[in-house]
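Peer 1: Build out the structure end to end from the sequences listed, making use of the hints.
So the protein lines, in turn, are chains L and V.
Count along the first sequence from 1, then add 831; that gives the number in our numbering.
Count along the second sequence from 1, then add 6; that gives the number in our numbering.
What the hints contain is simulated information worked out from the structure, not anything from laboratory work.
Ideal Cβ placement from N, Cα and C applies to all residues, glycine included.
Careful, some of the hints might be misleading.
[Claimed, not checked] Residues from chain V that face chain L, not an exhaustive set, calculated with beta carbons under 8 Å:
no.	residue
1	R39
2	V48
3	S183
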Amino acid sequence: MTDHSMEKGAADLLEVLQRPFAAADCQRCLAQLHDYVLAQLNGEDYRQQFAWTAVHLDGCVACAEAYALVYETALAEAQGHLPQPAHTPEPDLSFLQPAPWLTAFRAALEVSAARLTLQLNDTLLTLLAPQPELAATRAVDDGRYTPRLLELTPDQAAAAAVPFTLAAYADRQQPDLCLVEITVQPPGQSWPDLGGRAVTLRAAGQTITAATDDWGTAVFPDIPRTALASLNIVLDL
Amino acid sequence: MTPPHNLDPALESVALHTACGSPDTAVQTAAYRTLWHYLYRVAAAMTRTQPDGDALAQDCAQRALLRIHQQFQRCEEPKAFRVWARRIVSNLVIDELRRRKRLQPLPEGDPDSIHPDHLEGRVFGRITAVSLRQLLNQAPISDRSRRVVIGRYLDDSDDETLARAESELAGSDVLPSHVQVTRAKNIAKLRQWPLLTQFLEETRD
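Peer 2: Written as structure tokens, this is what we have:
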């Protein structure tokens, strides 16, 4: 070791001895810890690559102990020595089961290459009913269309892998009627290229077709509320 | 799904990633069950010295499983799926240990605790590697602690080298991680050592 590097080492040590660490430093260290360990196990110059982390680990006992846990686990796995527990409890895999609404939705959906058909029913209507606190007013109509009667949110559309969202609102001026709003947004497409798609509604013996606007939205006012549970929606993709 | 044996870890990782993302519920469930065994094994290894280690491991592995499912799309490199999963469960264990204050700086009754008898000594007038080494040689820490501090900073040794030397001296395995923790604990002690504080104040003038 040269005199120069020894003096540099002394300066580094003095810095570690005097440097206060903040909680944010520990978060930063934890974020880099796995890459630090990976580099170390791969025989790379980890102290050079992660100089800040190396200094922090010397100055923070809690992070050094966290590092030791990560290092020793990764080392054991790399060497095929990760301990096998005597007993492994059963996991809770209930999160893998599709939500009831999704099961009902999939059953009500027909997809072909260029057309998508959704047949609503009583079950689906119940499952897509918004929570009371979420039963919002349609923003553009000064409170005429409220509350929201059913909704397929963007998150639900993503979960069901369909390129549209759906909402129906009560019409306060005509209590027996409602407004149905469908927004179509195929993957990779956005405003203003979403206009001109045909959306067809079959309800109460009537067939109504409307074209989407540039935002992809087709609006159907004056739909009988009693027809919601048998609404048939056809989208041309 | 039975965990494949003797398979290239990267291929195993890709296969597990593919199965976890499968639209076939049975395949996906089996894959998550395989993943569960791995996550629990990692968590149990990390919590094995904790008094409630099994329960802690189960809790962290379960939370990791759910998080992996929720953030599945964020794993853009299927070959690194297992490493990504291990990172998630490890971070959850560390967070939990920190929350429970199980990653403690200086345990009480540590044999290396600073003792007033060690406060005598000569303070050096300027900061040099030589004077710092002389000061550390007087420090109230064990010889092994002194070696891992001086070795890292004044002899430019990496922790692998220091661990090998300590293993030979101790006649038992000392890992680089032991060296790291020992050094961090002793640097924390040195920060409280009055002679060093005095040294730093005087050399700062």
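Peer 1: For which of the previously enumerated hints does the structure constitute a violation, in increasing order of number?
Peer 2: none
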